[in-house]
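Each chain, written out:
Number of protein chains: 2
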Amino acid sequence: MTQISTSDTHFHESFNKLLKRGEMDMESVLPIVNEILREVKEEQETAILRHISQFDSWQPESLDQILISKKEMKTAYDSLAPSLRDTLHLAYDRIYAFHSKQKLKSWIDFAEDGTILGQKVTPMQRAGLYIPGGKATYPSSLLMNAIPAIVAGVKDIIVCSPAIHNQVNATLLAAAHICNIQHFYKIGGASAIAFMGYGTQQFQKVDVITGPGNIFVATAKKLLFGEVNIDMIAGPSEIGVIADCSADIESLALDLLSQAEHDELASSILITPHKELANAVAQKIDEILPTLQRKEIATTSIRERGMILVTTDLQEAIDLMNLIAPEHLEILTEQPFEILPHIQNAGAIFLGHYTPEALGDYLAGPNHTLPTGGNARFSSPLSVDHFLKKSSILAFSQKGAIGLSMQCGEFAEAEGLQAHKESILFRQKLSKKV
Amino acid sequence: MTQISTSDTHFHESFNKLLKRGEMDMESVLPIVNEILREVKEEQETAILRHISQFDSWQPESLDQILISKKEMKTAYDSLAPSLRDTLHLAYDRIYAFHSKQKLKSWIDFAEDGTILGQKVTPMQRAGLYIPGGKATYPSSLLMNAIPAIVAGVKDIIVCSPAIHNQVNATLLAAAHICNIQHFYKIGGASAIAFMGYGTQQFQKVDVITGPGNIFVATAKKLLFGEVNIDMIAGPSEIGVIADCSADIESLALDLLSQAEHDELASSILITPHKELANAVAQKIDEILPTLQRKEIATTSIRERGMILVTTDLQEAIDLMNLIAPEHLEILTEQPFEILPHIQNAGAIFLGHYTPEALGDYLAGPNHTLPTGGNARFSSPLSVDHFLKKSSILAFSQKGAIGLSMQCGEFAEAEGLQAHKESILFRQKLSKKV
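Residue numbers (this note's numbering), protein chains in the order written: chain H, 26 to 459; chain E, 26 to 459.
By construction, these hints were calculated from the structure, which means they are not laboratory data.
Everything hinted at is true.
You can't tell identical chains apart in this list, so a pair holds if it fits in one copy or across any two.
Listed below are the simulated SDA-like cross-link pairs for lysine to any residue, each with C-alpha atoms no more than 25 Å apart in a straight line:
{"#": "1", "residue 1": "K300", "residue 2": "E341"}
{"#": "2", "residue 1": "K457", "residue 2": "Q423"}
{"#": "3", "residue 1": "K180", "residue 2": "L345"}
{"#": "4", "residue 1": "K457", "residue 2": "E312"}
{"#": "5", "residue 1": "K145", "residue 2": "S131"}
{"#": "6", "residue 1": "K180", "residue 2": "H208"}
{"#": "7", "residue 1": "K320", "residue 2": "Q28"}
{"#": "8", "residue 1": "K126", "residue 2": "G178"}
{"#": "9", "residue 1": "K45", "residue 2": "E64"}
{"#": "10", "residue 1": "K230", "residue 2": "F250"}
{"#": "11", "residue 1": "K145", "residue 2": "A122"}
{"#": "12", "residue 1": "K454", "residue 2": "T316"}
{"#": "13", "residue 1": "K126", "residue 2": "P148"}
{"#": "14", "residue 1": "K230", "residue 2": "E64"}
Could you put the whole structure together from the sequences, leaning on the hints where they help?
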């Protein structure tokens, strides 16, 4: 694991590399993704069926064959060990409870003259959730994407996930059963994003597409932004840890490794003012690495993307972490709540020694779909908000409208818009007419 | 103005054309916009200065020359008629008051076992506002974009607007003075979006770009989505009106025309079950059109994009309007609040006979930056939310973490992630260690 101190001469070079960790080479996949999108737009089902036989190693003959029935989901659910079923229900309930607290209400506000202004909050009608399949299948992602949509009140929730060799992970299907998903299609990659974003003759396009995915999925989502809404463009997972000497070495090493085992491209970053802690954690990581089932992935990730920064003090650690803007941030210090107000940029903030990031992946309650690659500067965790939209409400009383008409007319005039002005001033005449 | 009844044989054809009004031919401008973006990314200031001399008909020699001083803004403000200054202040105050009500609070929630979960709300640090210039300059757009950023608590607010022949509209500068804008650059089009989105050696990139613009600006914003956040991809303005026979003919005609005068591509759509009202409005529009200063624009808009749909009843009018998902929706009926609950899709909803849409453009309070082209299905008015981001907060108590550890470990195991499981289970050991 690379270790560097802020006083080292090469610090800025290494740090700038960290800041650029989120850069994705979308250019290189753009021609392929553009072609997939174009094919789905033009050929619809025909293209989708072809893409499945190209990429997922099985050959469906019609759209019916790629739709998973409610019965299949129920069967998968029944096949699970009862304890795992209970765990899924516990996760559902905790995630549901947390997201319920996010739900915005419509509001209105009254002026003395009788005018009403406000904001109407309405669920989107159709949401498309993309859940990756193949190598890594994460039933937790289905819960994390479906539950905010359910809390928002979305009527039609559509799930797409690739079924390599026409096999779908039973736990994923059980999660879909618990979420009462009505429409689960075995479609993967950019083709799935195009299917949900453009729609077909038989399938009405969705209003929003959410969920993780590889660079093909991310690129397709970016290209469809504007056509539909998109949660975010996410890259490989990452964790940043701010620690002082109160941190437990082994907990810290395990937390860093739990990111590293996700993906060779995952980043695990520790920032601490304590050089001894840094050394001890690096050593512990080397000890644990060979014992992991996913040791190849984790070792590559730690070697290529792992980083320990040793700072002069805790304040410098905070400042650097705000620049990094990590997806997950653990604060393993004596007084983590003293640091919280100073955190500007992070997807999710895990405070104290008993909040391992992995709790947040499954059943703490908050969403695990988070902005990566520094995007926490401007992007938020997936939430109920992603499945709602707002409309302004304006209802002027006669008195309210007349009272503003002269000045509003003057503003319209200053912008050279005569019909605007007249439409407002005419309300004075209207009030005399009535 | 095209008039068609839902019972006409060609109805679906015409209506589908309406549903496709938002389609923008981004393909055709993509090569140009890509080139502008690439130039700014690589050549930075040099490219920006060149673009200004290419597109804005003046030749600045350094970045200093394109930055407007606070003094210039103050001078412009002082030069306005006192009544217009008052109007700008009135607009500022009313927009500020409305947006203040939108501001989300951070929240936390406590479990019995001492665990704390919540959501931290943090303003973005740098916001870039694009305000079109040239043919049409709208000082109201500066207020509508800057005020939500101010309410959110954004520290650095940057404005870009083109200065054709190095001239900037005095009212626009006065609005910038009132909003206390510190950084106002005379840069326009895709070049301005690239400047704010990529940054340069001397100019740190922003976190979010908002504001209206032509197809070059819209395409540049779409391409930069992910690099920074983007409010929405907006197209030409539009109004939909649902009216019954309580509507005043002349008000209605003026309200439709106030959209039409914006832009040849603007859409004005009336839906009513009353054929006589439809005829009377069409006639009134023909009467007023020749009297408008912007009659060429308004006439083209009404002819090419204006539409009156006559329905069998009010319910059908509502259903069709929800499919259209207009940017602005006026409900000119006897009981507009009876219709409000059934409106699914609209940017802003104007209720009753004394709420002309133009009031909302200037100083009613709600934002005038709204989703167009049917995007109200999934997009919201510009708001304080566009300038905030959220971070989840998790702080587990020892008891809380231990209580969930077995089940969370089981979930991690089901996903094949061993280090996740061990990082959670290790907290049991840690609790005995302490």
